[in-house]
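Protein chains: 2
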Amino acid sequence: MISFELPQPYLLFLADSTEPGFAKTALGVKDWAPERCVGELHLPGGTVTTGLPELTPAQAYERGARALLVGVAAVGGALLPQWLSTLVEALEAGLDLISGLHTRLADVPLLAQTAARTGRRLFDIRVPPKGLPTGTGRRRTGKRLLTVGTDCALGKKYTALALTRAFRARGVSADFRATGQTGIMIAGAGIPIDAVVSDFVAGAAELLSPDNEADHWDVIEGQGSLFHPAYAGVSLGLLHGSQPDVLVLCHEAGRTVLLGQPGFRLPSLVEAIELNLLLARRVNPQVRCLAVSLNTSHLSEAAAYAAIRDVQEQLGLPCADPLRHPVQFAEVVETCLAYAPDLQLAPVLS
Amino acid sequence: MISFELPQPYLLFLADSTEPGFAKTALGVKDWAPERCVGELHLPGGTVTTGLPELTPAQAYERGARALLVGVAAVGGALLPQWLSTLVEALEAGLDLISGLHTRLADVPLLAQTAARTGRRLFDIRVPPKGLPTGTGRRRTGKRLLTVGTDCALGKKYTALALTRAFRARGVSADFRATGQTGIMIAGAGIPIDAVVSDFVAGAAELLSPDNEADHWDVIEGQGSLFHPAYAGVSLGLLHGSQPDVLVLCHEAGRTVLLGQPGFRLPSLVEAIELNLLLARRVNPQVRCLAVSLNTSHLSEAAAYAAIRDVQEQLGLPCADPLRHPVQFAEVVETCLAYAPDLQLAPVLS
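Chains S and E, in that order, are what the protein sequence lines are. Start counting the first sequence at -11; every next residue gets the next number (the working numbering). Start counting the second sequence at -11; every next residue gets the next number (the working numbering).
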């Protein structure tokens, strides 16, 4: 197994969570991959719900579930002792376990022993697969879109998911390619790119979006930002390995300095687009930035419209907030498709 | 231990090697850090020599040695069974073991057991330290010089070592900061940057060249190239984390395509300098490229001079081959020192 391929559908484990903020994983998976979810399971006292039916592990297995997905995070990402008997019950009912917690399932002796005894598997999504290759830069067939950002944590995963959905709604073959934990659980596959040893980041990204049909789109979840002093290297490895034909720049309206790094101002949208294109051309001279995804969640409706209009006028590119205006955002896909006929596989001699 | 701090001096283990090419590590350590070496040790049949006296582990310990350094590599980087009794003898004589082989010392049961029994330590230089932080971009005190390249494997380590030696010969306080295995053995400390998980590369580089006296120079061994489709992310993380005041560009005269990647032409020297400066300014707006280190090992003396003169005329920068013309190369240090008074710690608001 070089990239994760997760067993599914899932039974979403919510434990005793009463705060939706701690159940973001389960809620995100239910929102974006409802077809991969058959039910949810609480411990006594839990109140957060995805709206799916409450099922025991055995009931879930009967309805087709093949894995219990730990959909909650406690403070610090630990696996709590009071969850163990339920996780053991799931293994015994025939379900594999999937977790993105800091505590590795495989490091919990009771789970490791039970999995060995029952023949079930433990998937720790934070742990990158072994045997990743280094990058080659070889041009691959098919189309690739990568979401890039002016900063971390402003909507790159959400934008990629929304674009994938819009491509499919338009009847276009498209896959969301996940590079982070929640994305991997939603997609049921992927590579946690920021956990990969640096020498293999570009190679992992190449593996994640392999050769495909000429009219297929891989929509790749971006990570970090080329302007972030801690993570720019991750972003560049992912950019090179993804070999994108199209970039969509993600930004949060009004954010002016890096999150948690107030000494670093954010680049302008033009700077961000130009630097991403400059570096991406090394592996695909025809790369273009075709749209801006603007996170306006902190703004009023009027202010959001004004911010979007500003970007459109300044850059001459389509701009929308995928959460607030999904219909307008879906039009980005038309821009990609209109551009697509021009895409040709040129020899890489940047 | 967050970065390696190796016990020293070393007894250099050459096994039964008869080809200098397989003993590059031992020869490099002897060349660049003779003060860290007390002797060498062969197995029967070995002919490659560093010129140091042949010593048993016990004799070496008596002369002050505190570690046996595996200075040879077999094909594939394996640890060979016929070496084991000597390595055990070294542990029993009071020496720690240091190795950069693919086979980890700690994974060899006999060595792990002997080390535990004798209270000795096993240093696997390929394995990065645990507990590395993420980067912060905070400006640090002291001066930093990073060697960067148009490609891999053209002299970035050698250039950094030669510059460190030249700084010291000039009476300037300077440290070589190692980012690769051989460099770490030479320096006796360092972090194998390409083996670090991508999220922590910039943080590791920050750790490697901490705050220092205002007139101290850290001379940092570069890795990879921003133009390499497999390793550019490593290079960018190292560039950001190193926060260099000065770049020295390394190039091999006549190389026109990436080593092993013939589809990718090398950038021009101007392109390479401009891209490195553009990205480095994010963490240090005052960064400058002050010289070119030209590897002319494949050229005749006349052709080498011509190539060096071409670079000087084209770029208006000092250029020399540190191996062929060490005296001229040392003049690069004067350029750095002449520039240094202008260096000030400015707030990072690139």
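Bear in mind the hints are in silico, worked out from the structure with no lab data behind them. Computed from a predicted model, the values in this text were never measured in an experiment. Mixed in with the good hints, there may be bad ones.
As the list claims (entries may be wrong) - Partial list, computed: chain E residues near chain S (C-beta under 7 Å):
| no. | residue |
| --- | --- |
| 1 | E50 |
| 2 | G125 |
| 3 | L287 |
To be verified - These stretches of chain E come out as covered by chain S in the derived footprint (C-beta under 8 Å, 3 or more residues):
| no. | stretch |
| --- | --- |
| 4 | 74 to 85 |
| 5 | 180 to 194 |
| 6 | 271 to 280 |
| 7 | 304 to 317 |
Said to hold, decoys possible - With the Cβ distance kept under 10 Å, some of the chain E side facing chain S (calculated, not the full set):
| no. | residue |
| --- | --- |
| 8 | A46 |
| 9 | Y49 |
| 10 | R127 |
| 11 | R128 |
| 12 | G130 |
| 13 | S223 |
| 14 | L257 |
| 15 | V258 |
| 16 | I261 |
| 17 | L267 |
Cβ coordinates follow ideal geometry from the N, Cα and C atoms, glycine included.
Hints versus structure:
1. With 7 Å as the threshold, the beta carbon of E50 (chain E) stays out of range of chain S, its nearest partner Cβ sitting at about 40 Å, so the hint is violated.
2. Taken as an interface hint, G125 (chain E) checks out: its beta carbon lies about 3 Å from the nearest beta carbon of chain S, inside 7 Å.
3. With 7 Å as the threshold, the beta carbon of L287 (chain E) stays out of range of chain S, its nearest partner Cβ sitting at about 25 Å, so the hint is violated.
4. For the stretch 74 to 85 of chain E, the assignment as covered by chain S is violated, since 0 residues bring a beta-carbon within under 8 Å of that chain's beta-carbons and 3 are needed.
5. Remark: the stretch 180 to 194 of chain E is confirmed as covered by chain S, as 10 of its residues place a Cβ nearer than 8 Å to a Cβ of that chain, reaching the required three.
6. Counting residues of the stretch 271 to 280 of chain E whose CB lies closer than 8 Å to any CB of chain S gives 1, so the stated coverage by that chain is violated, three being the minimum.
7. For the stretch 304 to 317 of chain E, the assignment as covered by chain S is violated, since 0 residues bring a beta-carbon within under 8 Å of that chain's beta-carbons and 3 are needed.
8. Using the Cβ-Cβ criterion of 10 Å, the hint placing A46 (chain E) at the interface with chain S is not satisfied: the shortest such distance is roughly 39 Å.
9. At its closest, the beta carbon of Y49 (chain E) sits 36 Å from a beta carbon of chain S; the interface hint therefore is violated under the 10 Å criterion.
10. With a least beta-carbon distance of about 9 Å to chain S, the hint placing R127 (chain E) at the interface is held under the 10 Å criterion.
11. Interface restraint check for R128 (chain E): the shortest CB-CB distance to chain S comes to about 12 Å, outside 10 Å, so the restraint is violated.
12. Look at G130 (chain E): its Cβ only gets to about 18 Å from chain S, farther than 10 Å, so that hint breaks.
13. Hint status for S223 (chain E): holds, given a least beta-carbon distance of 8 Å to chain S, under 10 Å.
14. For L257 (chain E), the interface hint is violated, since its Cβ never comes within 10 Å of a Cβ in chain S; the closest pair sits about 16 Å apart.
15. For V258 (chain E), the shortest C-beta to C-beta distance to chain S is roughly 14 Å, which exceeds 10 Å, and the interface hint is violated.
16. Interface restraint check for I261 (chain E): the shortest CB-CB distance to chain S comes to about 14 Å, outside 10 Å, so the restraint is violated.
17. Interface restraint check: L267 (chain E) against chain S, minimum CB-CB distance 8 Å, threshold 10 Å, status holds.
Consistency note: the structure conflicts with the earlier hints numbered 1, 3, 4, 6, 7, 8, 9, 11, 12, 14, 15 and 16.
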